[in-house]
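Colleague: Please put together the full structure from these sequences, using the hints given.
These protein sequences, in sequence, are chains A and B. Heads up, the first sequence is in the numbering used here, so the first residue is 15 and it goes up one at a time. Heads up, the second sequence is in the numbering used here, so the first residue is 15 and it goes up one at a time.
If you are wondering where the hints come from, they were derived from the structure by calculation, not from laboratory data. Bear in mind that the values here come from a model prediction, so they are computed numbers and not experimental data. Don't take every hint at face value.
Note that the list lumps identical chains together, so a pair holds whenever it fits in one copy or between two copies.
Said to hold, decoys possible - Think about it this way: if two alpha-carbon atoms lie no more than 25 Å apart in a straight line, the pair counts; the simulated DSS-like pairs of lysine-lysine are:
id, residue 1, residue 2
1, Lys-222, Lys-23
2, Lys-222, Lys-42
3, Lys-33, Lys-142
4, Lys-222, Lys-33
5, Lys-23, Lys-202
6, Lys-186, Lys-23
7, Lys-142, Lys-106
8, Lys-142, Lys-72
9, Lys-42, Lys-186
10, Lys-222, Lys-72
11, Lys-202, Lys-72
12, Lys-222, Lys-70
13, Lys-42, Lys-202
14, Lys-106, Lys-186
15, Lys-72, Lys-33
16, Lys-186, Lys-142
17, Lys-23, Lys-42
18, Lys-106, Lys-33
19, Lys-222, Lys-202
20, Lys-70, Lys-33
21, Lys-42, Lys-70
There are 2 protein chains.
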Amino acid sequence: MALAVEFTKRQREIIAIVKREQPISGAKIAAHLNLTRPTLRNDLSILTMTGMLDAKPKVGYFYAGQQVANLSFEALYEAPIATIMLAPVLIKPTTTVQDAVTNLFMNDVGSLYVADEQQQLLGVISRKDLLRSTINGGDLRQNYSSLIMTRMPNVVTTTPNVRILDAGYLLKEHQVDSLPVLAEGTQKVVGKLTKTRLMAYFVEQGLKFEQERL
Amino acid sequence: MALAVEFTKRQREIIAIVKREQPISGAKIAAHLNLTRPTLRNDLSILTMTGMLDAKPKVGYFYAGQQVANLSFEALYEAPIATIMLAPVLIKPTTTVQDAVTNLFMNDVGSLYVADEQQQLLGVISRKDLLRSTINGGDLRQNYSSLIMTRMPNVVTTTPNVRILDAGYLLKEHQVDSLPVLAEGTQKVVGKLTKTRLMAYFVEQGLKFEQERL
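Modeller: Here's what the structure looks like:
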């Protein structure tokens, strides 16, 4: 079905409501959206004319668009994280807390990885670690990053071949903002996977799927 | 297919590699994982015996598990965010920055919503706002939250009926950590949707799907 129509946010909400509760009256759809029936008239006309909804007198609205819309589990969850990981922001163990905060804002990231000259991971500093450190006082120009970082081997890490689903499980279970990605069998940082990146990935895949379907 | 087997992380990685590159030799699988061929022998036996993989002499391994594994787009992306939103942590505009930081740590959240007595949203304070404020100095016991918050109407908000996909789009496009959920047509805060919650939701759905399939 090739549609040239871009549905509005409200129209997409109506479709979702009808899918869940069909058959459903126009009045009930309006109630769900805290809107009046006349306000919805135009949207319901558009959705009926484009074939997304079907209206039966005295019964209500039905969903009439493509009935089955399936995503591939393999494509969405089983790709290796190497395909979506980001470049890490590395700092030295001797970087001051003050410079770490500047670095965090400059790069607009949530966490910094502390590494040695060979890019081997020593530890991780999160926004929360920096906030704790700044509120506790002390001279931020004197304190080293290595003093406030979460230190290896206490950092949860992963490797490039791990499935997106398994890396997501680690982020969720350990309640961390990001996972340093280390080359298999080494301590060398080759990437990072953040909650933000993973969330954006799932949303992008959903949008792409929806667009291809229309 | 009802399997009593729990595959290890490495075995799941092998399955994913075979799915992508079949037919593939044992040596190539080992190379992907930076492991030696003998190390993998046991895993490959288990995967072949359980019927997940099929081995053809001189050709390589094939994936022989359930070939089609589809997720429902509607179930994953089109449910209203009311089904997954969290309870918001509300503070007053007169809460000091110091108390706001304490509140953030106590509740272990990434952002606080500033609301009036009627729970109407006035603004939002993120971990980043607090970090900026604490590093800039000044008396944290004197400064009010209302001075450092992102103020309405500059806050990106949403409503309970919005689809998970559309709320995810807002989080991604506006690069915010959370969306206050306001009752339709009002300023009243009824929930929040965070990047963390959304990421965890997608991961949970993937794990659930995989478990039900096995």
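Colleague: If a hint holds in the structure, say so; if it doesn't, say that too.
Modeller: Outcome of the hint check:
| no. | hint | result |
| --- | --- | --- |
| 1 | Lys-222 with Lys-23 | within (17 Å within a copy, 29 Å between copies) |
| 2 | Lys-222 with Lys-42 | neither (31 Å within a copy, 32 Å between copies) |
| 3 | Lys-33 with Lys-142 | neither (42 Å within a copy, 39 Å between copies) |
| 4 | Lys-222 with Lys-33 | both (20 Å within a copy, 22 Å between copies) |
| 5 | Lys-23 with Lys-202 | between (45 Å within a copy, 20 Å between copies) |
| 6 | Lys-186 with Lys-23 | between (30 Å within a copy, 16 Å between copies) |
| 7 | Lys-142 with Lys-106 | both (19 Å within a copy, 22 Å between copies) |
| 8 | Lys-142 with Lys-72 | neither (57 Å within a copy, 54 Å between copies) |
| 9 | Lys-42 with Lys-186 | neither (37 Å within a copy, 31 Å between copies) |
| 10 | Lys-222 with Lys-72 | neither (37 Å within a copy, 39 Å between copies) |
| 11 | Lys-202 with Lys-72 | neither (67 Å within a copy, 35 Å between copies) |
| 12 | Lys-222 with Lys-70 | neither (32 Å within a copy, 37 Å between copies) |
| 13 | Lys-42 with Lys-202 | between (58 Å within a copy, 22 Å between copies) |
| 14 | Lys-106 with Lys-186 | neither (28 Å within a copy, 30 Å between copies) |
| 15 | Lys-72 with Lys-33 | within (18 Å within a copy, 50 Å between copies) |
| 16 | Lys-186 with Lys-142 | both (17 Å within a copy, 21 Å between copies) |
| 17 | Lys-23 with Lys-42 | within (18 Å within a copy, 48 Å between copies) |
| 18 | Lys-106 with Lys-33 | neither (54 Å within a copy, 40 Å between copies) |
| 19 | Lys-222 with Lys-202 | neither (34 Å within a copy, 33 Å between copies) |
| 20 | Lys-70 with Lys-33 | within (15 Å within a copy, 46 Å between copies) |
| 21 | Lys-42 with Lys-70 | within (15 Å within a copy, 59 Å between copies) |
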